[in-house]
Amino acid sequence: MRRRLLSFAPAATLVAVALAATAQSAQAEAFVPCRWLGKPSQCVSVPMESRDADGQAKAFVAPPADIARVYLVRSRTTDPRRTTPVDVGSTHAGDLAPMTYLVLDLPPGEHEFTGRADGTFGRSLHLEGGQVYFAELRLTQWLNTMYGAIDPMPTEAGQRAVAGARLARASDGSGHP
Numbered sequence: 001m002r003r004r005l006l007s008f009a010p011a012a013t014l015v016a017v018a019l020a021a022t023a024q025s026a027q028a029e030a031f032v033p034c035r036w037l038g039k040p041s042q043c044v045s046v047p048m049e050s051r052d053a054d055g056q057a058k059a060f061v062a063p064p065a066d067i068a069r070v071y072l073v074r075s076r077t078t079d080p081r082r083t084t085p086v087d088v089g090s091t092h093a094g095d096l097a098p099m100t101y102l103v104l105d106l107p108p109g110e111h112e113f114t115g116r117a118d119g120t121f122g123r124s125l126h127l128e129g130g131q132v133y134f135a136e137l138r139l140t141q142w143l144n145t146m147y148g149a150i151d152p153m154p155t156e157a158g159q160r161a162v163a164g165a166r167l168a169r170a171s172d173g174s175g176h177p
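In our numbering, the protein residues as written are 1 to 177.
Treat the hints with care, since some could be wrong.
Claimed, not checked - Distance windows between CB atoms, simulated:
hint	residue 1	residue 2	range
1	Ala65	Asp118	35 to 43 angstroms
2	Pro107	Trp142	20 to 28 angstroms
3	Asn144	Pro64	41 to 49 angstroms
4	Pro64	Ala163	35 to 43 angstroms
5	Gly89	Gly119	16 to 24 angstroms
6	Arg51	Arg82	21 to 29 angstroms
7	Gly119	Arg76	23 to 31 angstroms
8	Leu143	Ala59	41 to 49 angstroms
9	Asp118	Ser45	17 to 25 angstroms
10	Leu143	Ala65	45 to 53 angstroms
11	Glu156	Gly119	25 to 33 angstroms
12	Asp52	Trp142	35 to 43 angstroms
13	Tyr147	Val61	19 to 27 angstroms
Keep in mind that the hints were calculated from the coordinates and are not lab data. Beta carbons: idealized from backbone N, C-alpha and C, even for Gly.
Could you put together the complete structure from these sequences and hints?
Spelled out as structure tokens, the structure:
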């Protein structure tokens with residue numbers, strides 16, 4: 001009897017190690033890889049879309065004529081331990097971590113985009129239906145205060161920034177194409 005228990009112990013250990021590795025892999029998937037002080041690190045966690053949804057969003061397909069599509073990307077790793085909440089008007093659109101982006105389908109017209117760092121910052125963008133827009137959310141630190149800005153980007157620069165980032169989940173789960 002004792003011999004059987006001993007032979008079972010290595011198998012149980014292997015199963016435990018495999019389960020721990022799977023859990024660690026799933027946990028690492030929730031974090032965005034980045035660099036902190038020149039070394040690979042893990043940034044903050046935000047809800048992420050699947051890799052399939054990320055690939056589909058990176059096709060940059062134009063929306064229907066009654067919709068404007070906005071890619072809002074946080075492509076820099078400034079303050080990698082901070083999420084940046086993003087609102088469009090009075091609606092929470094989602095949270096961005098470094099190297100992540102949101103895809104928002106909005107009706108044409110004027111929209112106020114705001115983010116929060118150590119204070120609120122934002123920009124109003126006029127959107128036309130059937131068009132794709134790119135904007136960058138940037139954080140800058142000055143004297144221990146984190147400032148933010150949202151700036152429009154040219155299409156090519158926006159596509160490059162999005163290609164190097166991962167798709168974060170919009171707050172309602174339906175903001176991406």
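Hints versus structure:
Taking the beta carbon of each, Ala65 and Asp118 are about 40 angstroms apart, inside 35 to 43 angstroms as hinted. Against the hinted window of 20 to 28 angstroms, the Cβ-Cβ separation of Pro107 and Trp142 comes to about 36 angstroms, which falls outside the hint. Against the hinted window of 41 to 49 angstroms, the Cβ-Cβ separation of Asn144 and Pro64 comes to about 46 angstroms, which satisfies the hint. As the Cβ distance of Pro64 to Ala163 is approximately 24 angstroms, the hint placing it in 35 to 43 angstroms is violated.
Evaluation of the 16 to 24 angstroms hint for Gly89 and Gly119 yields a pass: the beta carbon distance comes to about 19 angstroms. A hinted range of 21 to 29 angstroms holds for the C-beta pair Arg51 and Arg82, which are about 24 angstroms apart. The beta-carbon spacing between Gly119 and Arg76, approximately 18 angstroms, falls outside the hinted interval of 23 to 31 angstroms. Between Leu143 and Ala59 the Cβ separation comes to about 42 angstroms, which falls inside the hinted range of 41 to 49 angstroms.
In this structure the hint that Asp118 and Ser45 lie 17 to 25 angstroms apart at CB holds, the actual value being about 21 angstroms. Roughly 47 angstroms separates the CB atoms of Leu143 and Ala65, a value that falls within the hinted 45 to 53 angstroms. The hint said 25 to 33 angstroms for the Cβ distance between Glu156 and Gly119, and at roughly 31 angstroms that hint holds. A hinted range of 35 to 43 angstroms holds for the C-beta pair Asp52 and Trp142, which are about 40 angstroms apart.
Separation of Tyr147 from Val61 is about 34 angstroms and departs from the stated range, judged on CB atoms against 19 to 27 angstroms.
The earlier numbered hints that this structure contradicts are 2, 4, 7, 13.
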